[in-house]
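Peer 1: Going down the list, the sequences are from chains A and Y.
So for the first sequence, the working numbering puts the first residue at 1; every next one is plus one.
So for the second sequence, the working numbering puts the first residue at 1; every next one is plus one.
If you are wondering where the hints come from, they were derived from the structure by calculation, not from laboratory data.
Check each hint, because a few of them may be wrong.
As the list claims (entries may be wrong) - Cut-off 16 angstroms, straight-line C-alpha distance, at most; resulting in silico cross-link-like pairs (EDC-like, lysine to aspartate or glutamate):
#1 Y:79 / Y:62
#2 Y:56 / A:167
#3 Y:46 / A:215
#4 Y:41 / A:178
Treat the numbers as computed from the prediction; the structure is a model and nothing was measured.
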Amino acid sequence: MTTILEAHALGMQYGRRRALTDCTLDIPSGHVVGLVGPNGAGKSTLLKLASGLLSPTSGSISVLGDAPGSGPAQLARVGFLAQDAPVYPNLSVADHLRLGAHLNPRWNQEFAARRIAQLDLDPAQKAGKLSGGQRAQLALTVAAGKMPELLLLDEPVASLDPLARREFLKYLMESVVENGSSVILSSHLISDLERVCDYLIVLVTSRVRLAGEVDQLIAAHHRIVCTRREPDTLPAGLEVVSAEHTDRQSTFVVRTDAPLPAGDWAAEPMSMEDLVLTYMETGGPGHRPATPVSEAVLNDAASNEAVLNEAVSNKAASNKAASNKEAGR
Amino acid sequence: MIEFHLDTRSGVAPYLQIVQQVRQALLLGLLSEGDQLPTVKQVVMKVAINPNTVLKAYRELEREGLVSPKPGVGTFVTKTLGQASLTEHEPLRRDLEAWLTRARTAGLTEAEIEALIHSTFRVSVEEER
Chain A
1 MTTILEAHAL
11 GMQYGRRRAL
21 TDCTLDIPSG
31 HVVGLVGPNG
41 AGKSTLLKLA
51 SGLLSPTSGS
61 ISVLGDAPGS
71 GPAQLARVGF
81 LAQDAPVYPN
91 LSVADHLRLG
101 AHLNPRWNQE
111 FAARRIAQLD
121 LDPAQKAGKL
131 SGGQRAQLAL
141 TVAAGKMPEL
151 LLLDEPVASL
161 DPLARREFLK
171 YLMESVVENG
181 SSVILSSHLI
191 SDLERVCDYL
201 IVLVTSRVRL
211 AGEVDQLIAA
221 HHRIVCTRRE
231 PDTLPAGLEV
241 VSAEHTDRQS
251 TFVVRTDAPL
261 PAGDWAAEPM
271 SMEDLVLTYM
281 ETGGPGHRPA
291 TPVSEAVLND
301 AASNEAVLNE
311 AVSNKAASNK
321 AASNKEAGR
Chain Y
1 MIEFHLDTRS
11 GVAPYLQIVQ
21 QVRQALLLGL
31 LSEGDQLPTV
41 KQVVMKVAIN
51 PNTVLKAYRE
61 LEREGLVSPK
71 PGVGTFVTKT
81 LGQASLTEHE
91 PLRRDLEAWL
101 TRARTAGLTE
111 AEIEALIHST
121 FRVSVEEER
């Protein structure tokens with residue numbers, strides 16, 4: 001099976017700030033990948049590295065077997081939808097499709113026009129006059145109309161109301177079926193990811209904490225509740241992801257690839273949301289921060305994002321125009 | 001044609017929810033032999049769900065011998081559960097009712113009964129694997 005994204009010790013640094021640290025990933029094709037993590041964890045940086053908008057400061061990344069943005073052929077195979085679904089406000093819906101047809105060698109006009117009709121968008125309407133949900137759908141139509149093998153979406157539904165979000169995801173999944181595209185999608189809305197994703201990456205403070213197929217991750221993790229005890233008294237083979245104690249009770253989240261051995265505890269399966277939150281809170285095995293998700297970490301993350309935005313706007317002559325171009329190419 | 005729905009708070013894996021809804025539809029007689037299941041594209045457009053999840057559910061149903069795919073056409077029901085199996089269920093349901101009465105007489109609360117059923121069910125499912 002081919003790989004959609006392969007990263008080895010990938011790192012991105014802005015001045016002294018690390019936006020992405022030692023990121024190693026190997027994502028097989030045919031997946032819809034959910035990318036989750038707190039603000040400033042490095043999600044946007046990873047997507048920009050994958051689209052070729054940024055170049056890494058260390059390590060290596062390849063997308064569909066090639067260096068991101070390495071040439072017209074590679075660009076034609078990857079669609080990127082930047083945060084907030086940028087469109088050209090003064091161009092009409094039909095203009096956007098014309099632009100898409102002009103800029104993309106594999107453009108599928110039939111698909112794009114049918115999608116616009118299904119969405120009940122007026123082709124003559126200026127994009128600036130569309131609702132948030134319609135704008136996002138137009139941007140997705142342009143990105144999917146180029147028939148990419150991989151669609152990269154940076155928080156595409158963050159600003160949409162629940163109904164518009166659901167509609168967006170329906171059309172995204174339709175693109176997956178029709179075009180056979182793989183997708184990497186960042187979002188804070190875990191319930192949405194639970195619907196559409198079959199591969200999960202959790203990023204926390206610039207590091208990959210968890211990555212793998214959702215089914216396998218869910219099957220490998222258990223929450224066990226027992227009388228108070230130390231984690232090292234648990235059977236060998238159980239990797240303790242998190243441990244919480246009261247005066248008489250202990251609650252562990254454990255990971256094991258073998259079936260959970262029987263014991264004097266109550267074991268529960270975990271939902272994707274439980275899993276994500278556990279890894280976000282603890283930072284995962286081997287990386288547990290001294291203080292759990294302290295203010296210091298959050299502040300650090302916030303300034304990371306600020307530096308990132310600055311670096312990006314420096315890199316592109318005009319941030320908006322660049323993003324628009326990305327949506328179209 | 002039947003339609004699926006998805007409850008992401010139920011804790012049941014999405015593919016299993018589809019499997020259960022097909023079984024339910026077969027038991028209720030909403031589906032019978034020869035009926036077509038919605039195509040993967042129809043399902044993803046209805047419930048905004050990963051297409052691999054739908055495929056996984058259909059493969060599981062195929063493994064159970066309930067449906068079979070016709071390449072290029074769709075997935076079709078190959079077995080009717082409907083009335084016959086409901087009649088088969090009746091004695092089992094009566095056994096269960098008798099057992100529930102015994103459990104209540106023994107002083108078990110509703111929560112205890114539920115916990116006992118769930119844990120016994122889980123253990124027996126695991127043993128069968």
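Peer 1: Next step is simple, just say for each hint if it's right about the structure.
Peer 2: Okay, the hints, checked on the actual structure:
1. Y:79 / Y:62: holds, 11 angstroms
2. Y:56 / A:167: This hinted pair is violated, its Cα atoms lying about 23 angstroms apart.
3. Y:46 / A:215: violated, 22 angstroms
4. Y:41 / A:178: The given pair, whose Cα atoms are some 8 angstroms apart, holds under the 16 angstroms limit.
When the structure is compared with the earlier hints, violations turn up for hints 2 and 3 and for no others.
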